[in-house]
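Each chain, letter by letter, is given below.
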Amino acid sequence: MNPGATAAGDILQPGPLPNRLQLTPEGRLRHLLTVEGLSRELVTEILDTAESFANMNEKAVKKVPLLRGKTVVNLFFEASTRTRTTFELAAKRLSADVLNINVSTSSAVKGESLLDTLRNLEAMNVDMFVVRHQESGAAHFMARHAEPGINILNAGDGRHAHPTQALLDMFTIRRFKGDFTRLKVAIVGDILHSRVARSQIHALNILQTGEVRVVAPHSLLPAQVQDLGVQVFHDLEQGLRDVDVVIMLRLQRERMEHAHLPSEHEYFQLFGLTRRRLHVAQPDCLVMHPGPANRGVEIDSAVADGAQSVILQQVTFGIAVRMAVMSMVMGVGGA
Amino acid sequence: MSVLIENARVIDPASGFDAVAPVCIQGSEILALNAIPENFEPRRRIDAAGCWLFPGLIDLAAHLREPGEEQKATIASETLAAARGGVTTVVVTPDTDPPVDSPAEVELILRRAEQACGVRVLTMGALTRALNGEQLAELAALKRAGVVGVSNAQRPLSSTLVLRRALEYAATFDLLVAVSAHDRDLAGSGCMHEGAVSTRLGLPGIPEAAETAALGTILALVELTGARVHVNRLSTRRGAEMVAEARAGGLPVSADVAAHQLFLTEVDAADFNPLCHVIPPLRTQRDRDGLRDAVARGDIAAICSDHQPHESDAKLGPFAQTLPGISALETLLPLTLRLAEEGLMSIPEALRRVTAGPADILGLATGRLRPGSPADFVLFDPDGLTDIRSGNWLSAGANTPFFGWTFSGRVTETWVAGRPAWTAPGEDAA
Numbered sequence: 001m002n003p004g005a006t007a008a009g010d011i012l013q014p015g016p017l018p019n020r021l022q023l024t025p026e027g028r029l030r031h032l033l034t035v036e037g038l039s040r041e042l043v044t045e046i047l048d049t050a051e052s053f054a055n056m057n058e059k060a061v062k063k064v065p066l067l068r069g070k071t072v073v074n075l076f077f078e079a080s081t082r083t084r085t086t087f088e089l090a091a092k093r094l095s096a097d098v099l100n101i102n103v104s105t106s107s108a109v110k111g112e113s114l115l116d117t118l119r120n121l122e123a124m125n126v127d128m129f130v131v132r133h134q135e136s137g138a139a140h141f142m143a144r145h146a147e148p149g150i151n152i153l154n155a156g157d158g159r160h161a162h163p164t165q166a167l168l169d170m171f172t173i174r175r176f177k178g179d180f181t182r183l184k185v186a187i188v189g190d191i192l193h194s195r196v197a198r199s200q201i202h203a204l205n206i207l208q209t210g211e212v213r214v215v216a217p218h219s220l221l222p223a224q225v226q227d228l229g230v231q232v233f234h235d236l237e238q239g240l241r242d243v244d245v246v247i248m249l250r251l252q253r254e255r256m257e258h259a260h261l262p263s264e265h266e267y268f269q270l271f272g273l274t275r276r277r278l279h280v281a282q283p284d285c286l287v288m289h290p291g292p293a294n295r296g297v298e299i300d301s302a303v304a305d306g307a308q309s310v311i312l313q314q315v316t317f318g319i320a321v322r323m324a325v326m327s328m329v330m331g332v333g334g335a
Numbered sequence: 001m002s003v004l005i006e007n008a009r010v011i012d013p014a015s016g017f018d019a020v021a022p023v024c025i026q027g028s029e030i031l032a033l034n035a036i037p038e039n040f041e042p043r044r045r046i047d048a049a050g051c052w053l054f055p056g057l058i059d060l061a062a063h064l065r066e067p068g069e070e071q072k073a074t075i076a077s078e079t080l081a082a083a084r085g086g087v088t089t090v091v092v093t094p095d096t097d098p099p100v101d102s103p104a105e106v107e108l109i110l111r112r113a114e115q116a117c118g119v120r121v122l123t124m125g126a127l128t129r130a131l132n133g134e135q136l137a138e139l140a141a142l143k144r145a146g147v148v149g150v151s152n153a154q155r156p157l158s159s160t161l162v163l164r165r166a167l168e169y170a171a172t173f174d175l176l177v178a179v180s181a182h183d184r185d186l187a188g189s190g191c192m193h194e195g196a197v198s199t200r201l202g203l204p205g206i207p208e209a210a211e212t213a214a215l216g217t218i219l220a221l222v223e224l225t226g227a228r229v230h231v232n233r234l235s236t237r238r239g240a241e242m243v244a245e246a247r248a249g250g251l252p253v254s255a256d257v258a259a260h261q262l263f264l265t266e267v268d269a270a271d272f273n274p275l276c277h278v279i280p281p282l283r284t285q286r287d288r289d290g291l292r293d294a295v296a297r298g299d300i301a302a303i304c305s306d307h308q309p310h311e312s313d314a315k316l317g318p319f320a321q322t323l324p325g326i327s328a329l330e331t332l333l334p335l336t337l338r339l340a341e342e343g344l345m346s347i348p349e350a351l352r353r354v355t356a357g358p359a360d361i362l363g364l365a366t367g368r369l370r371p372g373s374p375a376d377f378v379l380f381d382p383d384g385l386t387d388i389r390s391g392n393w394l395s396a397g398a399n400t401p402f403f404g405w406t407f408s409g410r411v412t413e414t415w416v417a418g419r420p421a422w423t424a425p426g427e428d429a430a
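Going down the list, the protein sequences come from chains B and W. 1 is the number of the first residue of the first sequence in the numbering used here; add one for each residue after it. 1 is the number of the first residue of the second sequence in the numbering used here; add one for each residue after it.
Hints are not guaranteed to be accurate.
Negatives, chain W to chain B, calculated, CB over 10 Å [said to hold, decoys possible]: (1) ALA19; (2) GLY27; (3) ASP47; (4) SER102; (5) TYR169; (6) THR199; (7) ARG238; (8) ASP271; (9) ASP313; (10) GLN321; (11) GLU342; (12) ILE347; (13) ASP387.
Here are a few chain B residues that face chain W, going by a calculated C-beta distance under 8 Å [said to hold, decoys possible]: (14) SER113; (15) LEU115; (16) GLY137; (17) ARG159; (18) GLN224.
What the hints contain is simulated information worked out from the structure, not anything from laboratory work. No residue lacks a Cβ here, since even glycine has one placed at the ideal position from N, Cα and C.
Chain B extracted, bound-state conformation (with noise of 0.2 Å):
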């Protein structure tokens, strides 16, 4: 224990910067908060180490012995399906005992502070927290004052960062494109509101892609988005003209109370990606969604259920590629 780790001194120093927070001094994985600021090695050695993974669960036994007598902690304050399932059964194929808490389950929703609920859960001695809230910051705050040798793994916070999400779409893309600095990428819809296309944005420019685009009204873009490293369109075909790769954005339908848009019906008039529209895109282009997908408001069916959609294996590989990374920041790498 450190008890040393809540005093007064130890939050008023400056906080590190995240790969200060998120990089052992040697370079390696301790946490996984943000791609922002990962080196392509790193992001590379990931999608190579998801990649021996992937190659195991088409097998008919599926688990390793990697992670045997640690305890995984799925600590999600929001929702999740998809995010908080496939990372489950990662820590499990990984032989990890797991432990899943939901806020509206838990002491949270009694006023339990962030911190306490990470210091009482490190005194029944887990190894590693999956952290899903909705505060940007939560997986850092949580990393900063974890106990050393604890990790952490950001599972969507806020805004912020989805890292885990943005590396299973590089490995899709990967395994179905190849090399990125050749690749046209679009990414349409709630820029503003979304932590996947913050880090999806990251991850493409780590990884060098020819060009990455962003697609959206004015008002469901963030300020100075170009600062990220995209060129942005707000006119759907002019934006999906010759991609090799479209990432279809989750519009949530709160969006219509703030006015940041009039209706979905709007909405899929000027940005939802039908067959017709898909036509500016190269022939072979992916289409691709984090899920779950607005049928009819982003996305139409025929496009979603269609030939170039990699949706279903975007799910297959986020298994993969979660064991990678739990497997990466416990020191014991691949398959």
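On the provided structure of chain B, position chain W as indicated by the hints.
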């Protein structure tokens, strides 16, 4: 008691006096400066050779947390921090619990201050009842009780019409109205400047227009009503330009800026550092430079601390869930003098922004050194050092992003009304 202070470099920004000279103190007042009256027989002589002597600082916006939030800080703890920082007059905001919306609360605060270390505490009164933004507080009664102005702190008014009526009514009594230029709707749930950094961090942003749109409304109503208005805590270059234009056009408007806005930017919050979570938010380097220019030109006539001490739990959480604010009384003077050190302005001109500048806004007799004015002053060793660190910090709130900073010069004594309110450790007690 009569005191003669000799051999100090006496700096009085109000008069422009800056020379080694004797200062005579009789009772609570300055008796003479740069001359020793023939019949003056001091009970005590202080040789302040090598030291500077300048007026005590006047801070236009501080939260002392009492009454109502004593878990964060008290008038006793924070006035001591003020004295250590050379601040001899603290103007508190009316958003205590209960708010300062009647003479009873004014009296309570003044009485608590009398029992503390001696630093003067002045209070703003609430503009509206319970700061509800709808019904005016009894402003004339508050003025009689001794408030130096009225404000709604950082709470919103329910409509532009309420602001108009409030300005009209306050103007009846020539009561200064202090306002925050902060459009609640445009700010929304924002917790930092809307720009490149908020986009990267995925934090909801507060656009520059939250300040400028509100300021446009305020300035239009100043023109309409003729009320004296002081704008607290500007944060944008454009806002500072708007105030400068209004002043040039003859409007009775003044403004201040929090000292941290002149040194920090959005980039300082770029790793979710909750100690840099403040409202109005830290903005861009361009804004910081624009604010500095406005301070140098005098369009922003005062630098305030915007002191907001917190208990440590208030800053323990994901960025947006932490409470905004910096504990700043002890860094106001060091940061202000750093402006002179960096060549932005002369030392007397920098000191003017924390002495005569705020005094003139409030119409106070303090903030200057002249015969007959209150003997509120600072003895400052320019060869000393001020280490900002938790080990010597006096405020009950340790929430400062400046821990680890070292400043040249050090307050050795702070005097209020002819008596020492603070003597630095290691100095001879007065």
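Indices of hints not satisfied (ascending):
Those not satisfied are hints 6, 8, 9, 10.
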